[in-house]
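Enquirer: Spelled out, the chains give:
There are 2 protein chains.
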Amino acid sequence: MVEKRKPITVGEAVERVMALVKEGTTEQVHIEQAFGRTLAADIIATHPVPPFDRSPYDGFAIRAEDSKGATRENPVTFSVTETIGAGFVSSKKVEAFQAARIMTGAKLPDECDAVVMFELTSEETVNGKAKMTIKRAFQPGDNVSFKGEDTEEGTVLVEKGTVITPGVTAVLATFGYEFVEVARKPVIGVFATGTELLDVNEELQPGKIRNSNAYMTAAQITRSGAEVKILGKLEDDLESCYHSIHDALSDVDMLITTGGVSVGDFDLLPAVYERLGAEVLFNKIAMRPGSVTTAAHLDGKLLFGLSGNPSACYVGFELLVRPVVRFLQFDSKPHLLKVKATLAEDFTKPNPFTRFVRSKLFYEEAGLLAAPNGFNKSNAVTSLAGTDCLITLPGGTRGYTQGDQVDVLLLEASEGSKWPW
Amino acid sequence: MVEKRKPITVGEAVERVMALVKEGTTEQVHIEQAFGRTLAADIIATHPVPPFDRSPYDGFAIRAEDSKGATRENPVTFSVTETIGAGFVSSKKVEAFQAARIMTGAKLPDECDAVVMFELTSEETVNGKAKMTIKRAFQPGDNVSFKGEDTEEGTVLVEKGTVITPGVTAVLATFGYEFVEVARKPVIGVFATGTELLDVNEELQPGKIRNSNAYMTAAQITRSGAEVKILGKLEDDLESCYHSIHDALSDVDMLITTGGVSVGDFDLLPAVYERLGAEVLFNKIAMRPGSVTTAAHLDGKLLFGLSGNPSACYVGFELLVRPVVRFLQFDSKPHLLKVKATLAEDFTKPNPFTRFVRSKLFYEEAGLLAAPNGFNKSNAVTSLAGTDCLITLPGGTRGYTQGDQVDVLLLEASEGSKWPW
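Going line by line, the protein sequences match chains A and B.
Read in order, the letters of the first sequence correspond to residues 1 to 421 in the UniProt record's numbering.
Read in order, the letters of the second sequence correspond to residues 1 to 421 in the UniProt record's numbering.
Watch out, some of these pointers could steer you wrong.
[As the list claims (entries may be wrong)] Think about it this way: if two alpha-carbon atoms lie no more than 30 Å apart in a straight line, the pair counts; the simulated DSBU-like pairs of lysine-lysine are: (1) K22(B) - K229(B); (2) K338(A) - K418(B); (3) K360(B) - K333(B); (4) K131(B) - K284(A); (5) K338(A) - K360(B); (6) K284(A) - K340(A); (7) K22(A) - K229(A); (8) K147(A) - K349(B); (9) K338(A) - K338(B); (10) K340(A) - K229(B); (11) K147(B) - K68(B); (12) K360(A) - K418(B); (13) K418(A) - K22(A); (14) K68(B) - K349(A); (15) K6(A) - K135(B).
[As the list claims (entries may be wrong)] Partial selection, computed: residues in chain B whose CB lies under 7 Å from chain A: (16) V171; (17) T174; (18) G207; (19) V339; (20) Y363; (21) L384; (22) E412.
Source of the hints: derived by calculation from the structure; they are not laboratory data.
Glycine included, every Cβ here is placed at the ideal spot set by N, Cα and C.
Kindly generate the complete structure, drawing on both the sequences and the hints.
Expert: As C-alpha cells, this is what we get:
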C-alpha cells in the first residue's frame with residue numbers, strides 16, 4: 001500500500017533538473033514593454049557618454065587662457081557672442097576675450113575649454129553689446145564634462161541575464177535601444193488535482209477544501225518571470241488524465257501538476273509518466289515540507305509533480321521550478337538568494353531532513369532577523385501570506401535557538417545565488 | 001538671470017506633497033489577475049481552517065480508546081470499514097475495533113479521534129475481510145488536524161494595503177475570493193521636455209542626447225504600482241506647452257514633466273503653472289541630486305516637475321512620487337524602506353545638502369554592505385543600471401569613510417517605511 005520511494009537530497013534534485021535545461025530563447029520587445037523582462041544580450045555603449053564636451057551648469061564657455069590674471073582687483077571682461085541652449089551648437093567662433101552663454105547639457109564651442117557659472121560673473125550691456133566680467137582665473141577643463149568621461153564607446157554596460165529595472169531602462173534609452181532583445185518567457189501549464197478540491201468560486205462542502213495551489217503557483221510562475229497557463233483540474237481517471245497531460249504538453253514549455261490524483265498523492269502520475277514515456281528524475285526529496293515532489297522529463301520538457309500541501313507546493317516551486325525559469329532567462333544566478341540572518345525565536349523541532357521554514361525577514365539595526373511565520377504546520381496556508389523568505393535548516397540538526405545564525409533564502413530579491421546548497 | 005528659489009528640506013517637501021493626497025479608489029479584479037496588485041480590503045477567514053477535523057497523513061482513522069493496551073506483545077486488530085479519499089466523507093459508522101482507511105486531507109469520521117499512519121500498521125485480508133493491526137496505543141487527538149486549529153472563522157488574515165504575493169493569493173483562493181478588491185492604479189502621465197532631447201529611435205546629432213528620462217520614469221511608475229501614459233515631448237513654446245499640459249490633465253491622475261523646457265530647467269513651467277492656476281508647493285529642495293524639483297497641484301491633481309538630469313529625476317520620483325502612489329494603494333508604509341548598512345568604500349565629498357548616492361546593496365555574512373555605484377557624477381546615467389538602493393547622507397556632514405554605518409533606502413523592497421526622515 002505504501003509505495004517505497006528513495007529520497008534524494010535537495011541539492012541532488014536541483015542538479016538533476018538543471019542538467020536538463022537547455023539554453024533560453026529570445027524575442028524583441030519595445031522599450032516601453034521591457035521593464036521586468038530579462039536582457040538576452042549585453043547592452044553596449046553605442047556612443048561615448050557624454051557624446052561631446054558639455055557644460056554641467058548654466059554659465060559662460062570661455063577659453064581658460066583669457067582668464068589668466070583675473071582677480072577681484074583686476075577683473076577681465078568678455079564679449080558675449082551668443083547663447084547656446086541645450087540641444088544647440090555654437091554658430092559663432094569664440095575668439096580671444098569672447099564668451100558664449102551656455103546652458104546645462106549644451107555642447108561647448110570647439111575653441112572653449114572651461115565654463116564659468118553664472119554666479120561667478122557679472123553681466124552688463126554696453127552700447128547694446130552684452131559683456132560678462134569675471135574676477136578669478138579658470139584652468140582648462142574647469143566645469144567641463146568631457147566626452148566619454150562617464151563611458152567610452154563599446155563598453156559593456158549591462159550584462160545579458162540582468163532583469164530590466166528603471167535604471168537599465170534609462171541606459172537602453174540613452175543608447176538607442178528602441179527594441180530590446182529579451183529572454184522569451186517560458187509558458188508553464190498548471191493542472192490542479194485532487195478530488196477534495198473545489199474551485200475558488202464554489203461553496204464549501206463537507207470534506208472538501210478550495211484549490212489554492214493552482215492560483216498560488218500561477219502567481220509564483222508570474223513572479224519567476226514565466227507565463228502561466230491554468231489548465232484546470234485533472235480528472236480522477238488514468239485514461240483521461242493521460243490524455244489531458246499528453247495534449248497539454250504540446251502547448252507549454254513545462255508542466256506542473258499540484259496535488260494528488262484520486263486517493264493519495266500522485267497515485268496516477270507514475271502511471272501517466274510511464275504511459276507518456278517520460279523519464280522520472282526523482283519522486284522523493286529528503287526535505288520538509290515537499291518530500292513527495294516528483295520531476296520527470298519528456299522530449300526536452302520538464303514535468304513537475306508538486307505536493308498538494310500548499311506549503312510543500314510553494315517550496316517545491318521555488319527550489320526546483322524557479323531556477324529553471326531564471327536559467328531560461330539567461331540569469332547566471334538562477335537560484336534563490338541565500339543570506340545569513342539571526343533567528344528571531346526558538347525553533348525547537350529536530351530536523352531529520354533539510355527543513356524550509358516559511359518566514360519573514362526584518363532589517364534591524366543589528367542586522368537581518370528572520371522570524372518563522374506563526375503556526376508552522378505544513379498545511380497552514382495562512383502562514384504563506386506573510387512569507388518573504390525561507391529559513392533553511394540542514395538535515396540532521398537538532399532544534400535551533402533564538403540568536404542563532406541561519407541561512408535564509410529570499411523570495412523577492414531580483415538577484416539570486418549561483419548555487420545555494 | 002538666475003532665478004532665486006528658496007530650498008526646503010526633503011522631509012518638508014515630502015510632507016507638503018503627502019498632505020494633498022486623497023484616499024485611493026478601488027476596483028475588483030479576478031484572482032488570476034491579482035498578483036502584484038494591492039489589497040483594498042482585509043482578507044477575512046470565511047471559514048475555519050481546517051474546515052473540519054482531518055487526517056494529515058495516509059493511514060487509519062480509529063477510536064483511540066480501542067487502542068488502549070496495544071503493545072508489540074499484545075497487538076490489537078481492527079476491521080476496516082471503508083476507504084475515505086480526500087474530498088469524500090465516511091459513509092459508514094466506525095464502531096468499536098473498527099477503522100477506516102483515510103487519505104491525507106480527508107475528513108475524520110465523527111466517531112474517530114486519532115489517526116494511525118500506514119507505516120505503523122500491518123494489513124491483511126481474512127475471509128475476504130480487510131483487517132489492520134497495531135502494536136501501540138494512541139491518544140485522542142493523535143495525528144488529527146483539528147477544525148480551526150490553523151485559523152478561526154472571521155480572523156483578519158491579511159490587511160488592506162498589502163501587496164498580493166503568491167502566498168496572499170493562496171489565502172485568497174482558500175477563502176473563496178474569486179474576485180479581489182484591489183486599489184485602482186493611478187494613471188500618471190509623463191511629458192519629456194528639452195530641446196536637446198532625441199527620441200530613442202533617432203540618430204545621435206551634434207549637441208543632442210537621447211531622452212532616457214521618459215522611459216526610465218515610466219518604468220519607475222510601473223514599479224511603484226501605477227499605470228503610465230507616455231505623452232511625448234512638450235513643445236518649446238509657452239502657448240503650446242500650456243495647452244498640452246492642460247489637455248493632458250483631464251486624462252491622468254498625476255502629471256510628471258522631466259527636464260527643462262527650452263533653455264535652462266523649468267523656464268516655462270512656472271509660467272504654465274501660473275496660467276493653469278496651479279499652486280506651487282516648492283521649486284527647490286535642499287538635496288543632491290534633484291535640487292531643482294518642483295511640485296504643484298491643481299484641482300486635487302499633483303504635478304511634478306522632475307529634473308532633466310537622469311539621476312536627479314530618478315531620485316525625485318522615488319522620494320516624492322512613489323509614496324503618493326503607494327498611499328493611493330492603501331499602503332500604510334508608503335515610503336522607501338530605510339535600513340542600516342555598512343559603507344563599502346570612502347565617500348569623501350562633503351554634503352552641504354542631503355545627498356542620495358546611487359548604490360548597490362550586498363548581503364554579506366557580517367551584515368548589509370552598501371557600495372556607491374562607480375562614477376557618481378549626477379549625469380552618469382550608466383550608474384543607474386546597477387542601482388538597487390540609495391545611500392542617504394544627511395546635509396551638513398563631511399565625508400564618510402569605509403565601515404561607517406549609513407542609512408540606505410531600498411528601491412526594490414515590496415514593503416516600505418512609515419516615514420523615513
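Enquirer: Hint by hint, note whether the structure agrees.
Expert: Hints, verified against the model:
Of the supplied pair hints, the one linking K22(B) and K229(B) holds, its CA atoms being roughly 21 Å apart against a limit of 30 Å. Note on K338(A) and K418(B): the hinted pairing holds, with a Cα-Cα distance of about 27 Å set against a maximum of 30 Å. Taking the CA atoms of K360(B) and K333(B), the gap is near 22 Å; set against the 30 Å cutoff, the hint holds. Of the supplied pair hints, the one linking K131(B) and K284(A) holds, its CA atoms being roughly 29 Å apart against a limit of 30 Å.
Between K338(A) and K360(B) the alpha-carbon distance is near 17 Å, which keeps this suggested pair within the 30 Å criterion. The hinted pair formed by K284(A) and K340(A) meets the criterion: a straight-line CA distance of about 28 Å does not exceed 30 Å. For the hint pairing K22(A) with K229(A), the CA-to-CA distance comes to about 21 Å; that is within 30 Å, so the pair holds. A distance of roughly 23 Å separates the Cα atoms of K147(A) and K349(B); the hinted pair therefore holds under the 30 Å criterion.
A C-alpha spacing of about 21 Å is found between K338(A) and K338(B), which places the hinted pair at or below 30 Å, so the restraint holds. Restraint check for K340(A) and K229(B): the C-alpha separation of about 41 Å exceeds 30 Å, so the hint is violated. The suggested pairing of K147(B) with K68(B) holds, with an alpha-carbon distance near 25 Å, which does not exceed 30 Å. In summary, the hint linking K360(A) to K418(B) is supported, as the alpha carbons are separated by about 18 Å, within the 30 Å threshold.
Between the alpha carbons of K418(A) and K22(A) the distance comes to roughly 17 Å, so the proposed pair stays at or under 30 Å and holds. Between K68(B) and K349(A) the alpha-carbon distance is near 28 Å, which keeps this suggested pair within the 30 Å criterion. Our distance criterion of 30 Å between C-alpha atoms is met by K6(A) and K135(B), whose separation comes to about 26 Å. Because the beta carbon of V171(B) sits about 5 Å from the nearest beta carbon in chain A, less than 7 Å, this interface hint is met.
Against a cut-off of 7 Å between C-beta atoms, the interface hint on T174(B) holds, since the closest Cβ of chain A lies about 4 Å away. Using the Cβ-Cβ criterion of 7 Å, the hint placing G207(B) at the interface with chain A is satisfied: the shortest such distance is roughly 4 Å. A hinted interface residue such as V339(B) counts as satisfied when its beta carbon comes closer than 7 Å to some beta carbon of chain A; here the least separation is about 4 Å, so the hint holds. Given the 7 Å rule on beta carbons, the hint for Y363(B) holds: about 4 Å separates it from the nearest Cβ of chain A.
Evaluation of the L384(B) hint against chain A yields a held restraint, the C-beta minimum of about 3 Å falling below 7 Å. Evaluation of the E412(B) hint against chain A yields a held restraint, the C-beta minimum of about 6 Å falling below 7 Å.
Violated hint for the displayed structure: number 10, the only one.
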